[in-house]
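Undergrad: Order-wise, the sequence lines are chains Y and C.
Residue numbering for the first sequence follows the numbering used here, starting at 124 and increasing by one per position.
Residue numbering for the second sequence follows the numbering used here, starting at 81 and increasing by one per position.
No lab work stands behind these hints, which were simulated from the structure alone.
Nothing here was measured: the structure is a model prediction, and the numbers come from that model.
A virtual CB, placed ideally from N, CA and C, is assigned to each residue, including glycine.
Hints are supplied without guarantee of correctness; some may be wrong.
[To be verified] Estimated spans, in silico, between C-beta atoms of each pair: (1) C:K206 with Y:I403: 28 to 34 angstroms; (2) Y:K132 with C:K260: 54 to 60 angstroms; (3) C:K187 with Y:N333: 47 to 53 angstroms.
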Amino acid sequence: MDKLNKIDKELLQQIADLHGIPQGSYNIRKNGKLVSRVSDSDIEIVSKQDKSGIDIIVAQNVKNKSVHIPVIVTEAGLTDLVYNDFYIGDNAEVTIIAGCGVHNESNVASGHNGIHSFHIGKNAKVVYIEKHLGLGKGKGEKILNPTTKVVMDENSYFEMQTIQLGGVSYSNRKTTAKLMKNSELSIKESILTTDNQTAKTNFVVDLVGNNCKCNVVSRSVAKNNSTQEFKSKLVGKSSCFGRVECDAILLDNAQVKSIPEIDARCVDATLNHEATVGKIAGEQLLKLITLGLTQQEAEDVIIKGYLK
Amino acid sequence: MLELKNISYSVVDDNNKSIDILKDINLKFNKGINVITGQNGSGKSSLIKLIMNINQSSSGKIMYNKKDISALDITERANLGFTLAFQQPIRFKGLKVKDLLDIASSKNNKLADICDYLSKVGMCAKDYINRELDSTLSGGELKRIELALALAKGGEVFLFDEPEAGIDLWSFENLIDIFKNLKDKIVIIVSHQEKIIECASKVIVLDNNGITEYNKVDAINKIKKLQCGRLGGNRG
Chain Y
124 MDKLNKIDKE LLQQIADLHG IPQGSYNIRK NGKLVSRVSD SDIEIVSKQD KSGIDIIVAQ
184 NVKNKSVHIP VIVTEAGLTD LVYNDFYIGD NAEVTIIAGC GVHNESNVAS GHNGIHSFHI
244 GKNAKVVYIE KHLGLGKGKG EKILNPTTKV VMDENSYFEM QTIQLGGVSY SNRKTTAKLM
304 KNSELSIKES ILTTDNQTAK TNFVVDLVGN NCKCNVVSRS VAKNNSTQEF KSKLVGKSSC
364 FGRVECDAIL LDNAQVKSIP EIDARCVDAT LNHEATVGKI AGEQLLKLIT LGLTQQEAED
424 VIIKGYLK
Chain C
81 MLELKNISYS VVDDNNKSID ILKDINLKFN KGINVITGQN GSGKSSLIKL IMNINQSSSG
141 KIMYNKKDIS ALDITERANL GFTLAFQQPI RFKGLKVKDL LDIASSKNNK LADICDYLSK
201 VGMCAKDYIN RELDSTLSGG ELKRIELALA LAKGGEVFLF DEPEAGIDLW SFENLIDIFK
261 NLKDKIVIIV SHQEKIIECA SKVIVLDNNG ITEYNKVDAI NKIKKLQCGR LGGNRG
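All chains should be built: construct the whole structure from the sequences, respecting the hints.
TA: Right under this line is the structure:
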C-alpha cells in the first residue's frame, strides 16, 4: 500500500470504498502490475501463468467473507487487459468488490479491459460490486470495457451491482449469464454519462434450469452530448422468470437507445421488459422546489437518487 | 396575515381562447384553519397554486405580513415558510422516505425524528424509513407521507389540497388532529369534507359567482345544495 500515491488512493476510495488496507483477501493492481495482495485459505488469489490475471478461489462453505480486487490505471497510453476467473465453492457466501479507476492527464487514451468469469457453485451466494470511474483533465480518453461471464449452478444466487460513476469517455459493458435450476440472478446497473461520452451495455441471459429467475434493472442519466445504448436479451428455455427494467433520464442533447429482446422457448417461461426514457418529470422537480430547493438542486437530488 | 388583492387567473384552451378561472379575487387569511370549498372546476386548487406561485396570476398581488411577495418564486416562498401538500403525491424512483423527510426538514433526521413525523400520520418509521417512494407504495401511503413531509418542513403558511383524498377513516381522524395542532399558523385547506369544514375558523365557498364567506353551518348546507344540483336537481 506504501507504493500508492494520493491519486491512487483517491481512485481506490471511490471505486472500492478503500480507505486503507482492506479486511480479508485482496489484490490491488496498478498499471498492469500487482501492487499488493493478501490471500488466505478461505479466499485464495493466484496469479495466472499463461496470461495476465488472477484466479480467485473461494472455498466451499465459507460464510460472510469479502474480497477486494480493484484495478487502477494512471499511466498515459496504457490499455490494461486482465483475465480474472472466480471459482465460488458450493454453499459459500461472499462479497466481491472489484472496480476500475482511470486517471488520465495526458492527450493519449488509456484504459482497462477486464474479462471476469464466474463459476458459481451450488447453493452459493455472491454479491459482486464493480464501480468504474474516470478522472483527470487530459484530452486523452478514459476507456473501460468490462466483460462479465457468469455460470450459475443449482440454487445459487448472484447479485451484480455495476456502477459507472462518471468521467469515463467510452465504455462497452458485456455481460452473459447462464442460469441453472432454482438459481437467481439480480443485476443492478447505474450509469452516468456527460459531455461527449459513450456508454454501451449488452446483457444476454440464458434461463436454462427450471424455476430460475433473473431481474435486470438499469438506471442511467445521460447529459450534454453523451450517448448511451442499452441492449438486453433474455432467453427463456425452461419454466423460468425474467424481467428487464431500463429507465433513463435524458438531459440537454443526449441520446439513449434501449433495445430489449425477449426470446421465450418454453411455454412456461415468463419474460417481460419495461423501458422508460425521458426528461426529469416536471412534478418531481416541482415537489422538491416546494420543499425549498432551487431548480438545479432539485435536479441534482433526483439524479443522485436515481443512480444511487 | 396573507392577503390576496384583486387576483385574476386565466388559462388558454386548445382553440387559443382565454378562459377565466378566477376573476378579481380579494381574500384575507388569518391564523387558524381556513377551508376553501366549492364545486369541481371552481378554481380551488388553482387558488392554492397561485399562493405558492405554481400558477401565475394575470393580475393582482399577494401580501404576506404586509409585504408584497408577488415577485417571489416557489423556492423563495417555500423558504419564507409556505408549505404545500399536493393533492396527488409524487413518486420518485431511487429516493427514499428518509431522503425526502431530510430535504423537507433541512437536516439529517435520526430514526426518532422520522418516527415523530410519520407517527403523526399513523405510520411506523421502521416500516417506511428505507422505502422508496415508488410504485411499491399505495396511493394512501403516499398521501400520508405527503402530509408528513409538510409537517417535517414546517412553516407559517400551510396549504393542503384535498388532504382527505385517499385517506382511510382511521387516518382521517389523525388528519383532523394535525389541522387542530396547526391552529397558530395560517392553514388553508381545499376540501369537500364536512368534518374538516366543521373544524374551520373560516369557510370560503368558490362557485361561478366568485367567493362567498360562510359560517360553518351555512357552508355545509351550501355544499350539500351544490352537490344536489350537480347530481340533477333538488331531490328533497
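Undergrad: Which of the listed hints are broken here?
TA: none
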